[in-house]
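The lines below spell out each chain.
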Amino acid sequence: MRFQPRRMRSGLIAFSLSALILLDCAADVGQVKVLKGQVAVERAGRTLAAQVGMPLALADVLKTGADGSVGITMRDNSLLSAGPNSVLSLDQFEFDPATSEGRFESRLQRGTLAVVSGRIAKASPSAMTVRTPSAVLGVRGTEFLVRVND
Amino acid sequence: MINPRRGVVVLALLLGACASRQEGAVVLLPQPGGQPSAVTATQGSQQLVLDQPYAAAQLTSGGPQPYQSSAQEVQVQFGPALAARPMPPAQFTLYFVEGKDEFTEESKRLIDGVFAEIAKRPLPDVMVIGHTDKVGSDALNDPLSRQRAEIVRAALMARGIAVDRVVAIGRGKREPIVPTADGVAEARNRRVEILVR
Chain A
1 MRFQPRRMRS GLIAFSLSAL ILLDCAADVG QVKVLKGQVA VERAGRTLAA
51 QVGMPLALAD VLKTGADGSV GITMRDNSLL SAGPNSVLSL DQFEFDPATS
101 EGRFESRLQR GTLAVVSGRI AKASPSAMTV RTPSAVLGVR GTEFLVRVND
Chain B
1 MINPRRGVVV LALLLGACAS RQEGAVVLLP QPGGQPSAVT ATQGSQQLVL
51 DQPYAAAQLT SGGPQPYQSS AQEVQVQFGP ALAARPMPPA QFTLYFVEGK
101 DEFTEESKRL IDGVFAEIAK RPLPDVMVIG HTDKVGSDAL NDPLSRQRAE
151 IVRAALMARG IAVDRVVAIG RGKREPIVPT ADGVAEARNR RVEILVR
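Going line by line, the protein sequences match chains A and B. Oh and the first sequence: position 27 is 27 in our numbering, straight run, nothing missing. Oh and the second sequence: position 13 is 13 in our numbering, straight run, nothing missing.
Errors might be hidden in some of the hints.
Where chain A lies over chain B, by a calculated footprint (3+ residues, C-beta under 8 Å) [to be verified]: (1) 37-44; (2) 97-108; (3) 119-130; (4) 150-163.
Far from chain A by the CB rule (all over 12 Å, computed), these chain B residues [said to hold, decoys possible]: (5) V26; (6) G79; (7) V114; (8) F115; (9) A116; (10) V135; (11) G136; (12) S137; (13) V178; (14) P179; (15) T180; (16) A181; (17) A187; (18) R197.
Derived by calculation from the structure, the hints in this document are not laboratory data. Where is the CB? At the ideal position from N, CA and C, for every residue including glycine.
Bound-form chain B, shown alone (with noise of 0.2 Å):
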């Protein structure tokens, strides 16, 4: 008959053995631009920090032990998952002529580029939030703040982004860039803005 209790130190053993392999690792990457950053490792009560770039740890059950890595390394264990990367979320900004849903003629230069940007990812999630100055009422900003955004989601579409990817509202005069006094006509606040996922 099988004695229960010994039942139990048997698996627990295996537990052992098993968890005595290398379970994985983890590995920092270089911050693009350099800041600073940091990854913690923790097993138990035993914790490693990792923050220089390929600063990496082996995962084991004697706790999490340092390693250098390198980019050459990286490229083989992990190529395929860095391949699969998304794009990262970016945001634009285009700008409009006081008063008006049209856009200046700096912006009008910008266009094609923040579009080309915009059809590069596959299904591009998209938020275009329109703005206006502080000139006027919100019975008159908060319509023109949602034309300037329409206009904005009509031109995406005619680039062939899908309707049901962009999502057009207006903010009025209520989130302006630069702070103002109410009144006060600021070029930097008559915009819309684009987020891209």
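Chain A on its own, in the form it takes in the complex (with noise of 0.2 Å):
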């Protein structure tokens, strides 16, 4: 029989820990938990089309059509939703569940944006920013909205 010590004892160590993390682990960066029309995810090359409950990878790029809109909720609450003709990419995102503290960066390229920071923001301010092509924005336990123009 094929053991493998090391994923074991990760597997035991995984356990022991709170039970926040356990459910982080299995969520990905975070999850479309709201979808209309035509949306795909390019992911490593790959065009999938988004379904509600998909789970969502770190350097996933979001698109949606001209009858589409998604809403995504990220593992630290963050919520993001995108209007018709948009692409929003997820740059960066590290999340440490039981202190909140890490980076969340995204990017919208085109279309409309709204955001609901959640619990990295609230950790500290300058954790989470969204780009655009030529600005930096940053928040600060916010709820904000963004576009690009074509």
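Since each chain comes alone in its own frame, lean on the hints to assemble the complex.
Take a look at the structure:
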């Protein structure tokens, strides 16, 4: 029988950690929660059709069609939602659920975006940014909107 | 023949011409409850701080330019993005009778409301965390806290939430909400926390 002691041990350690960490390990960086019309996720050179409940990974790029919109919940409880004809990329996401420390960078290349910041921004005001092609938006415990013209 | 150096200059000018257009905008929304909040817009060395409801900035090549937006304008420009917002994550706590995996009378009355709230979400991620007070050993409290979580999980599934969306675990007496000495019976610590996303 093949036995992998290292994996086994890390499994045990994970099990002994806080409940929140367990949930968060399972949940990836975020998840699609709301979906309307055509929405695609570009991941590692492939284009996937978005679905409600779909887990999101680091570096995913969400693209909404002319009739599309999408709402996602990140692991730190940040909420991002994009309107039609939008391109949103999840460039950086690190989150320690025990301390709320981390870093979250997303980028709106085109379209419209509504943001409700979550635990990362609450723990450290400089830790969450939303970029546009020319601007960096710093978040200080906030709900805000961003538009990038075609 | 094309002079490569001139090519670079022309390209730079074109980029400059493109960037002189208005790129977009950022608008600060009012916070629920009216707490202060802010967003900063930085372009190159220029920074603008938006810290009033509907304070906004045009993002231009000349840096962020302030203007005042409004609820009406926001609906026109951002309606679909706002409509696609997920429901905010929520947390609920249900309490138990001492030493048992049985809800208190008060929690029994709350259960239906809690489950209705969870069921509003199309595909909820639910974390159920059982706890005990500090009466008894870990050997006693660890399984009790797990049983409490399992009771809640079973109730969620009975109400139609898919089994793979619910994680149930027990933390025993390790994470009291009200810190007490060991051996102290404390009703507020005999609980299950339900985190919903």
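Hint check results:
1. Counting residues of the stretch 37-44 of chain B whose CB lies closer than 8 Å to any CB of chain A gives 7, so the stated coverage by that chain holds, three being the minimum.
2. Only residues whose beta carbon comes within less than 8 Å of a beta carbon in chain A count, and the stretch 97-108 of chain B has 0; fewer than three means the coverage is violated.
3. Coverage of a stretch by a chain is defined here by at least three residues with a beta carbon nearer than 8 Å to that chain's beta carbons; for the stretch 119-130 of chain B and chain A the count is 6, and the condition holds.
4. Requiring three or more residues with a Cβ within less than 8 Å of a Cβ of chain A, the coverage given for the stretch 150-163 of chain B is violated, as only 0 such residues are present.
5. Separation of B/V26 from chain A is inadequate, the least Cβ-Cβ distance of about 5 Å not exceeding the 12 Å criterion.
6. With a closest Cβ-Cβ approach of about 7 Å to chain A, B/G79 is found to fall inside the 12 Å limit, against its non-interface label.
7. Non-interface call for B/V114 relative to chain A: holds, since the shortest CB-CB distance, roughly 18 Å, exceeds 12 Å.
8. Annotated as non-interface, B/F115 keeps its C-beta farther than 12 Å from every C-beta of chain A; the closest such distance is 19 Å.
9. For B/A116, the shortest C-beta to C-beta distance to chain A comes to about 18 Å, beyond the 12 Å cut-off, and the non-interface label holds.
10. Every beta carbon of chain A lies more than 12 Å from that of B/V135, the smallest distance being close to 21 Å; the non-interface claim holds.
11. Annotated as non-interface, B/G136 keeps its C-beta farther than 12 Å from every C-beta of chain A; the closest such distance is 20 Å.
12. Annotated as non-interface, B/S137 keeps its C-beta farther than 12 Å from every C-beta of chain A; the closest such distance is 18 Å.
13. Even its closest Cβ contact with chain A, about 18 Å, leaves B/V178 beyond 12 Å, as expected for a residue assigned away from the interface.
14. With a least beta-carbon separation of about 17 Å from chain A, B/P179 lies farther than 12 Å from that chain, consistent with its non-interface assignment.
15. Separation of B/T180 from chain A is adequate, the least Cβ-Cβ distance of about 20 Å exceeding the 12 Å criterion.
16. Listed as outside the interface, B/A181 is consistent with that label: its C-beta sits roughly 23 Å from the nearest C-beta of chain A, beyond the 12 Å cut-off.
17. Annotated as non-interface, B/A187 keeps its C-beta farther than 12 Å from every C-beta of chain A; the closest such distance is 21 Å.
18. For B/R197, the non-interface assignment is contradicted: its Cβ lies about 6 Å from the closest Cβ of chain A, within the 12 Å cut-off.
Hint violations for this structure: numbers 2, 4, 5, 6 and 18, all remaining hints satisfied.
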